[in-house]
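Trainee: Next come the chains, spelled out residue by residue.
2 protein chains.
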Amino acid sequence: MSSVTKTTATTQNKVDEIDKIRLNLADDWKVLGSVYDLLKNGKAFCVSDADRDAVKIVDFKQPNEMKQLIDLSIDENKTHTIAEIEDLCRLVIKYSVKTNHGRFHNQLFGQMDPYGLIGQWITDALNASAYTYEVGPVFSLMETEIIRTVCQLAGYAEGDGIFSPGGSMSNMYGLVLARYSRHPQVKTAGLFGMRPLALFTSEESHYSFVKAAHWLGLGADNCVVVKTNERGQMLTNDLEAKILKAQESGCEPFFVNATAGTTVLGAFDDLNAIADVCEKYGLWLHVDACLGGSALLSYRNRHLLAGLDRTNSFAWNPHKSLGAPLQCSLFLTRERDLLTRCNSIQVNYLFQQDKFYDVSYDTGNKSVQCGRKIDAFKFWLMLKARGYGSFGRLLDHAIDISKVLVEKIKQRGSERFRLVLEDNQYMNVCFWYIPKALRGLEETPEWRERLYTVAPKIKERMAYSGTVMIGYTPLQYRGLGNFFRMVFTCFPVLEEAELDFILNEIERLGEECEY
Amino acid sequence: MSSVTKTTATTQNKVDEIDKIRLNLADDWKVLGSVYDLLKNGKAFCVSDADRDAVKIVDFKQPNEMKQLIDLSIDENKTHTIAEIEDLCRLVIKYSVKTNHGRFHNQLFGQMDPYGLIGQWITDALNASAYTYEVGPVFSLMETEIIRTVCQLAGYAEGDGIFSPGGSMSNMYGLVLARYSRHPQVKTAGLFGMRPLALFTSEESHYSFVKAAHWLGLGADNCVVVKTNERGQMLTNDLEAKILKAQESGCEPFFVNATAGTTVLGAFDDLNAIADVCEKYGLWLHVDACLGGSALLSYRNRHLLAGLDRTNSFAWNPHKSLGAPLQCSLFLTRERDLLTRCNSIQVNYLFQQDKFYDVSYDTGNKSVQCGRKIDAFKFWLMLKARGYGSFGRLLDHAIDISKVLVEKIKQRGSERFRLVLEDNQYMNVCFWYIPKALRGLEETPEWRERLYTVAPKIKERMAYSGTVMIGYTPLQYRGLGNFFRMVFTCFPVLEEAELDFILNEIERLGEECEY
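Residue numbers (this note's numbering), protein chains in the order written: chain G, 1 to 515; chain C, 1 to 515.
Any given hint could turn out to be false.
Identical copies carry no separate label here, and so any pair may be met within one copy or between two of them.
Unchecked claim - Straight-line C-alpha distance at most 25 angstroms; calculated PhoX-like pairs for lysine-lysine:
#, residue 1, residue 2
1, Lys-43, Lys-30
2, Lys-410, Lys-242
3, Lys-30, Lys-40
4, Lys-403, Lys-20
5, Lys-30, Lys-94
6, Lys-280, Lys-408
7, Lys-227, Lys-245
8, Lys-355, Lys-67
9, Lys-20, Lys-40
10, Lys-436, Lys-355
11, Lys-67, Lys-78
12, Lys-56, Lys-30
13, Lys-280, Lys-457
14, Lys-61, Lys-355
15, Lys-56, Lys-355
16, Lys-40, Lys-242
17, Lys-43, Lys-67
18, Lys-94, Lys-43
Derived from the structure by calculation, the hints contain no laboratory data.
With the sequences and hints as input, model every part of the structure.
Mentor: Below, the structure written as structure tokens:
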């Protein structure tokens, strides 16, 4: 074959390949019709209580084993048939963690609300982006409607807000807005030559403020840590002392973060007391309510957020307690128009001003992102299906059942279980399990060190048994080593018997280990 | 009824409500089985060429009309049945833009690859988060595998990377990493008191650098704009002049962004020439390859990225040309370990060091986010199904067909159509349509002003006719008013006849308007 013929043949092959892909697309799309069955058969969601016993949360494999079980390699020219792709999907489902198993309590989120997933699937299939009304007409109105409703609940008379890709980003929005509000010239001139700006947040607060301080050019050292009381709430007198100290050292305090629902203990800072301090010193008050913001929906527990109407902004993640699919995070601010002024710039190819509709519906320019995933519809659908009051009552139930767990832990006796806090404010319950081998011994520092190895060891057993997943953590600033942190969520809707299962399982697995 | 009895009754109601929600969950989950049919019947994806003619891309309604058509309000106690929820979903699908219609060319993305959507649906259903191997074992290995492969293709011998929520964020990763690499103390001390740091990017580049300069505390004014040549490529001599000028004015240059595939013209900066300048002045070279990074997969067009191996980092969005569902954005860096050192902090409740597996698989601490949506699997599944070479050839096809469009535009004559660029480097084709009313007139400034109203007017007709969607934009720094920007993508796989349809439709709609 001459080289010319060869080239032609190769070109022809390529054309054939492209045509083949084009003609196969109709079949490729049809595979979507089997995704639900793949997931259902793979037990990706537990639809009944009986499933919980029958289905493993995780079939844990070490990374090197996993690499043997699934051919992860991606290749230039190796293709896979639809049947092979379905087989791969089955494997992925098999070896992934079933976070929708009713016994996944490993993070701050639990089971999803199925209406959330319905909304997410539809959003994905429509594949819109949240910048303009033009591309996401229905979704942009929904985002606005949710923000309006949440502002109302929060007592922000004329607030504004945006969906962002997670709580860390929502907290960053708060910092950027506070800084812009105080020093609008930072937008153009940067921070160079300025007196160091200082922000304040409690030792129990989320690490995103430290990361944000780095990214935003403020510096982690200017993220000042405020002490907390026994329950994990910010000490207002320490806040005030730290503000004064920062001023004395030449810094300019500008921002206080209060936490509504800390990551470990679920503590709520006293917003009114902190607002008093912020008013006194003229500081922006942001609330990291990523976990605790859901209390807004509950009559009985809304008091945890008392004073929210006096704050300047807050972050809230419906993807935690409420069961919205990841990512669903809101940033809200009391200040009208500020978000637009802060983040907008002239963008001619996207936010044209000569459009044929009211461009105030193009909300994308408020964002630091350009393309932005639609996170509003799934949450809207959940609220529409159940009414937001139901979520409030599901939250009440989660808090109630967490108190029942506390009682059950107490009933089992301090020989076997030890609580980190006796009275939790929210639905986080933190505790140690004391295995038989450690009972009745003198509680020396060495004994404690052994105790702190218990949770990680049980955690390993949990992974291999696949019966339950509960997180663990130390609280180093309190000198406390590893303990379990069980966080309840709206879904699964737990009954009391489930709590006995969990404690029994910890005891059972705990006695399989050596300490 | 006494108040005591009343309270008990209310409590009972609440318990009943919670039980009812719990018992209904099995039915709620089943609705997911009908989502595919809802979407298919709602024509959310066009599976055949015939669909294109039969299905409207959008049934456009003004915001106030839309509010009448869909009851957007969310209420505390109003609930909706499954049937009502399905009806609402039908309306949402009906009034949303069908971005998977083969004639949606309004943004830098087009139709999705169905394998991407399959992966996305499974990812959503499993609802994992990308922080730890523990919660996303399969997905964390896939992310690593994709990063490894892309680094190899880019010529990064020992690179690293991360998935981020969009190109703007990926570009921010580049800026933060460059700054940390040069001045690691910024992480702790911030930018205060430093000499202003300056970054350089072309007038054609994406606006995310201006937004990032604001957020990161660098200031938009320290984002120095470099001129471009006729084709939209950065002028290296102007870059060098601007660097010197910044130095003279007391700034410290630290970062250059080169663009591979500009938003409007699809221009590729000369990476080798810019790398020479960066080496000379010791600057970090980042590439915004959000649009153009897909050329990495093509033998024939990879030359557009020549010199990528000499850069320090780049951003690439497979959710643009390749048809991965939004959001799918990669940040890659040549520097090993730097990403971890830059972004990691000690997080005890998540990144415990006493785990029972190799914690180097916990990649979440490299991120500025905490919870992070899994964006790797959908892309992995696409690459697995087709092999990445196929995407390269689909991209070649998209570029080829864009050249055919250019030819067709030329054939219709400069009386009717006018190109912004005669020879596009990538698959962006920019052009004006000259309606009959404007033909044969003297091309005065007033005539131009009238010409610049044509695209917005046709755009309005497109929305109401629902036959095709193509974006428009001005290029103000060149003194050019509104023109159409048609950007080709891997999907739909277009044939030549489709181009005639598009041009005919522009002519048809164009003659319906008054100028």
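Trainee: Quick one: which hint numbers does this structure break? Sort them smallest to largest.
Mentor: 2, 6, 13 and 16
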